[in-house]
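Visitor: Each protein sequence line maps, in turn, to chains A and B. If you count by this note's numbering, then the first sequence holds residues 1 to 116, one letter each, in order. If you count by this note's numbering, then the second sequence holds residues 117 to 227, one letter each, in order.
The set of hints was computed from the structure by calculation and includes no laboratory data. Some hints here could point you the wrong way.
Straight-line Cα separation of at most 25 Å, SDA-like style, residue types lysine to any residue; simulated pairs [as the list claims (entries may be wrong)]:
| id | chain 1 | residue 1 | chain 2 | residue 2 |
| --- | --- | --- | --- | --- |
| 1 | B | K186 | A | N103 |
| 2 | B | K214 | A | T15 |
| 3 | B | K214 | A | G16 |
| 4 | B | K186 | A | T96 |
| 5 | A | K69 | B | K214 |
| 6 | B | K214 | A | E30 |
| 7 | A | K57 | B | K175 |
| 8 | B | K175 | B | P155 |
| 9 | B | K186 | A | L41 |
| 10 | A | K71 | B | A210 |
| 11 | B | K214 | A | P75 |
| 12 | B | K214 | A | V52 |
| 13 | B | K214 | A | P39 |
| 14 | B | K175 | A | R102 |
| 15 | B | K214 | B | G132 |
| 16 | B | K214 | A | T5 |
| 17 | B | K186 | A | G40 |
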Amino acid sequence: EAQVTQNPRYLITVTGKKLTVTCSQNMNHEYMSWYRQDPGLGLRQIYYSMNVEVTDKGDVPEGYKVSRKEKRNFPLILESPSPNQTSLYFCASSLTRAGRGRNEQYFGPGTRLTVT
Amino acid sequence: TQLLEQSPQFLSIQEGENLTVYCNSSSVFSSLQWYRQEPGEGPVLLVTVVTGGEVKKLKRLTFQFGDARKDSSLHITAAQPGDTGLYLCAGGQAAGNKLTFGGGTRVLVKP
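Chain A extracted, bound-state conformation (with noise of 0.2 Å):
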């Protein structure tokens, strides 16, 4: 089944606690997202990776790391976590640039993540 899987579905850390969610796609797709997602604010894209070893910033990237030593695994690092950054996060995946043209962009479920 082709699918987008994020881990943890939830988490609850404190202040400067170092956390990674983990994304990972098994459709071969080069093109993959995370966007964080507040009430009244849609999905705001934080960094994306256009292909192995390719990531770049997207809207709201301060806070924030990504890597992208695989192609299937695109794993979000928060280095230091806030308050401000608790948030709904999702990942995505996607076979060729994300608006481009009728190309579909899967979500992964979200991770639900609380800073206290």
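Position chain B against the provided structure of chain A, taking the given hints into account.
Guide: The following block gives chain B in isolation, referenced to the frame of chain A:
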């Protein structure tokens, strides 16, 4: 920064009624996508429109892309409780790997 404004933010209607959700921007997009999101899940793509003036139908859902590719609408005819969810529009750009999302419209269809 490109922005997409969705309206209304919340819509509550009775089963069988019609509804329209709007997605507006001052920017031109190369494509416009509509997603539906259920609680506890990621957004799922409903449709993509790429040509100004394009109209696409998906059963009781009708999607339209404005002539100038700056706005879009989603119309649901004879809404059913199964249509309940968060509807998101997202504009695509020709370059990069970016979708700009609207704030979402939460639709509640009561039986």
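Visitor: Are the hints correct? Go through all of them and say.
Guide: Right, here's what the structure says about each hint:
In summary, the hint linking B:K186 to A:N103 is supported, as the alpha carbons are separated by about 19 Å, within the 25 Å threshold. A distance of roughly 30 Å separates the Cα atoms of B:K214 and A:T15; the hinted pair therefore is violated under the 25 Å criterion. Annotation: proposed proximity of B:K214 to A:G16 is violated, straight-line Cα distance about 29 Å (limit 25 Å). The hinted pair formed by B:K186 and A:T96 meets the criterion: a straight-line CA distance of about 23 Å does not exceed 25 Å.
This hinted pair checks out: A:K69 and B:K214 have alpha carbons roughly 21 Å apart, not beyond 25 Å. For the proposed pair B:K214 and A:E30, the alpha carbon gap of about 14 Å is at most 25 Å, so the pair holds. Annotation: proposed proximity of A:K57 to B:K175 is violated, straight-line Cα distance about 38 Å (limit 25 Å). A hinted pair counts as satisfied when its Cα atoms are at most 25 Å apart, and B:K175 with B:P155 qualifies at roughly 23 Å.
About 19 Å separates the Cα atoms of B:K186 and A:L41, which keeps this hinted pair within 25 Å; it holds. For the hint linking A:K71 to B:A210, the alpha-carbon distance of about 23 Å falls within 25 Å, and the restraint holds. Of the supplied pair hints, the one linking B:K214 and A:P75 holds, its CA atoms being roughly 18 Å apart against a limit of 25 Å. The hinted pair formed by B:K214 and A:V52 meets the criterion: a straight-line CA distance of about 18 Å does not exceed 25 Å.
Proposed proximity of B:K214 and A:P39 is supported: the alpha carbons are some 20 Å apart, at most 25 Å. Of the supplied pair hints, the one linking B:K175 and A:R102 holds, its CA atoms being roughly 19 Å apart against a limit of 25 Å. Distance restraint check for B:K214 and B:G132: the Cα-Cα separation of roughly 36 Å exceeds the 25 Å cut-off, and the hinted pair is therefore not satisfied. Between B:K214 and A:T5, the direct Cα distance comes to roughly 20 Å. Compliance with the 25 Å bound is thereby established for this hinted pair.
The suggested pairing of B:K186 with A:G40 holds, with an alpha-carbon distance near 20 Å, which does not exceed 25 Å.
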